[in-house]
Amino acid sequence: MMAEQFSLGGSRPERPMGVSRRQFMRLSGAAGLALAGNVALRRATTAAQATPPAGGTPVGSAGKVTIYSGRNENLIGDLVTQFEQATGIDAEVRYGDTAELAATILEEGDNSPADLFWAQDAGALGALAKEERLVTLPDSVLDLVDTRFRSSQGVWVGTSGRARVLVYNTEQLTEADLPTSVLDLVDSKWKGKIGWAPTNASFQSFVTALRVVQGEDGAREWLEGILANDPVVFEGNSAIVRAVGAGEIAVGLVNHYYLYEIREEEGEDFPAANHFFAAGDVGNLVNVAGVGILRTASNAEQAQRFVEYLLGQDGQTYFAERTFEYPLVEGIEPGAELVPLDEIKGPEIDLGDLADLQGTLQLLTEVGVL
Amino acid sequence: MLTLRPRAARIAVVARPDSSIEAGQRRSAIPRRRSVSRPPWIVLLPALLVAGLTLVPVAYLLIRASEGGSDLWRLLWRERTAQVLINTAILAVTVAAASSAIAVPLAWLTLRTDLPGRRFWATIAPLPLVIPSFVGALTIVAALGPRGFLQEALEGPFGVERLPEIYGFWGAWLTLTLFTYPYVFLSVRAALRGLDPSLEEAARCLGHGAWRTFFLTTLPQLRPAVIAGALLAALYTISDFGVVTLLRYDAFTREIYVQYRASFDRTLAAALALLLVAFAILLLAFEARMRGRAAYHRLGSGAARRARLVPLGVWRYPALAFCLVIVALSLGLPLGVLGYWLIRTLRRDEAPEGLLIAAQHSITVGAAAAAVTTLAALPVALLVVRYRTRIGRWVERVSYAGYGLPGIVVALAFVFIGARYLTPLYQTLPLLIIAYLVRFLPQAVAAARGSLLQVNPRLEEAARNLGRSPFGAIRSVTLPLAWPGIGAGAALVFLTVMKELPITLLLSPTGYKTLATSVWTSAGSGSYGEAAAPALILVLISAIPTLLLAGRHGGQTPRGDE
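Residue numbers (our numbering), protein chains in the order written: chain A, 1 to 370; chain B, 1 to 562.
Fair warning: there could be bad hints in the mix.
Stated by the list, open to error - If we take Cβ atoms under 10 angstroms as the criterion, some of the chain A residues that face chain B in the derived model are:
| id | residue |
| --- | --- |
| 1 | Leu101 |
| 2 | Glu107 |
| 3 | Ser202 |
| 4 | Gly236 |
| 5 | Asn237 |
| 6 | Glu268 |
| 7 | Phe270 |
| 8 | Ala273 |
| 9 | Ala278 |
| 10 | Gly280 |
| 11 | Gln358 |
Stated by the list, open to error - So the derived label-pair ranges between C-beta atoms look like this:
| id | chain 1 | residue 1 | chain 2 | residue 2 | range |
| --- | --- | --- | --- | --- | --- |
| 12 | B | Leu355 | A | Asp356 | 38 to 44 angstroms |
| 13 | A | Asp110 | B | Leu459 | 30 to 36 angstroms |
| 14 | B | Gly117 | A | Gly267 | 19 to 25 angstroms |
| 15 | A | Ala176 | B | Ile544 | 34 to 40 angstroms |
| 16 | A | Pro138 | B | Arg74 | 58 to 64 angstroms |
| 17 | B | Trp315 | A | Gly267 | 19 to 25 angstroms |
| 18 | B | Leu540 | A | Ser152 | 38 to 44 angstroms |
Just so you know, the hints here were simulated from the structure itself, not pulled from any lab data.
Predicted model only: the values in this text are computed from it and were never measured.
Heads up, the beta-carbon is just placed ideally off N, CA and C, and yes, glycines get one too.
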């Protein structure tokens, strides 16, 4: 029943690209070959999609690379296509949850089909590094990025950054009303006005940073202080930003880029803006997404080309313009509204120190946030 | 309710001595027919093969857990481990009980009464099964959570600023109940179809009203089906991650996920998962006790007739209201929220070009997994029902091993053996289907077993005496009679495979998108509107098998709804 919808019926006037006339006639003429036609059409369309417009390098001629991506396809799918068209390398991407893909690579062992792992956060790359699954990247790649945003052993490198910010409703508040430190949010004047997402991974790595900077007790005090202010709990960052725009809450603790995504959808008059805390404040923590090449990669050369592409002009510009993240390579400007990275001056923290997520979860559970 | 069984048995014996139900273990008026023959190889061999397959996740967990040192035990025996295990147990039992309380009346109303729109209700009642757990939880939070749609609606006219807390036990319980009652519904409905109505008629002849008849004769006969469905609901609950996370209930799966996600500690995760397996086995033992060893098939000569519909009279209004409330909460609410998200983002009008391909992929894997899993379940169910040997009991228990585990554990088990030992099959459709089989086999086994129990083995023996081979007798007599249950099992597998995520993400061929992964991708990037389209298509497609099930079945089965 369903097959018919996909089949090449005689009524379909146009011939799909890539199928020869004879082949097409035979397929469409043969009644009862619906399924075969369906498969052929799919192959044909896949082939058609994979072929770049005339003039470009044919994809596949330069080999292939298998990528395990913990980053969402909606965010980076187009960049992968750009890479294919620019290099002729055929990129196969398996999308999944960052941590689950890391576990998958560990379980696959030496037979892992993955050449490259692209993680949403540094922690998962650290887990692979610990099991010695990643190769050391050449200095030519590593040196493109500030030492803060790459592995100290040189086995992974950050590709884009995201800052924690305080998003606020511009109809209710102005910049002058906002605190200079995230620690000031425990003030009772914020009672009932704060939104947060305790289950969110970025929030949790902020709490880890807070533990590093303020100590275990300081972090606990802050969490208890916010709890006393009756925060509104959300399941994710974008829900917080929407609620701020709708005026349900005045401020929210989020990653910086959600605002820009939602503004694209809701229009320029969406009444919310990002507030950065004072330079050096832990509330401005900058986290990275990053990549590492697997020791068992069978296409190591192509994998390195991919890393180079991400850190090149095209890749970094894509992050700035399309995902609204921070480019990490010198000389590429972040989006106009972003406070430049070297001005944010996030806390002095080695991202490798943020590995103790378990301690954070325990603290969040004890305080009663989770 | 069940304490009334002795009376039911007595009524049955008095009313029609040649067609009694032996409800209860020691009370049978007629000695239970025991199959003396050993199971033929055509049943035993495939059953053992299937059982071996289902042990893959457990074997994997044992390998991983054995790498742990002595501090593993210290971590396992923390007070916290016991606490979250108890939390999970409470949730599983209460969800199973509430699911049964919803599903039994729903199944009876849609099959045995003149409820207006019976076929319609029967078609849509199982559909909540196809809503991915995390999507269901998201929509519940959006609707009933603090600052949700309900609160917004109440704030204007009534000034309600705070609803009762949705987070925690009650929210998780409500959400899981709404999304798991279809397990009991499908199982009970299949059993009700195969039920010989003569006992109920006898009870009516003896002057019992419709309600008493239901409680005295119908319900006791449905017991195996209710328990089998409730067990599936309970096991689903202990393996669920999406609902308990989003509704913030401190359940055991969260501990396991923390190990994978926060500490990348596969050893401790495996040890914790083994505890979950042990817990599932405990539930199974409990189920076996509850199930009893009664016979549920017709014993006398003649064939079962189809049941007469009970006229509801004025009761039709509360009955309709009941159906409406359940369906509104379990299906209307999530679809309504999804639809709202979809409309809100429609003006972005990005063409969802991949959705047709994704739908095709979903149907392909769903149908293939349903066929393969049903086929694999038959020898197991036959072995259990027809040949009550010790080996049969073990095969059945083992077949549940993968079902109480979170999907990610089963997925990683097949990543482990796939990448290391079955390299050519790794990340191909065949291995994906096998992983689905291992994950969802119990759904098909439970459904097939419930129906097989209602088929008198003497019919099969008669076929054998008339010269059929063991296989031929099963094929031409038993399977057609048991079809309602087998079909329900296949539909169940189809629905749950369509929404499955962790196994699909990790084991499908690279780039193989399904509707469920499309939902996941869109929701993951915060575009709920974009997630709504594939989610709605998912529900629409799922209506096809349930529509077929709600409709007529060919041939010899007694028909209830006419």
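| request: Check each numbered hint against the structure and report the violated ones by number, ascending. | output: 3, 6, 7, 8, 9, 10, 13, 14, 15, 16, 17, 18
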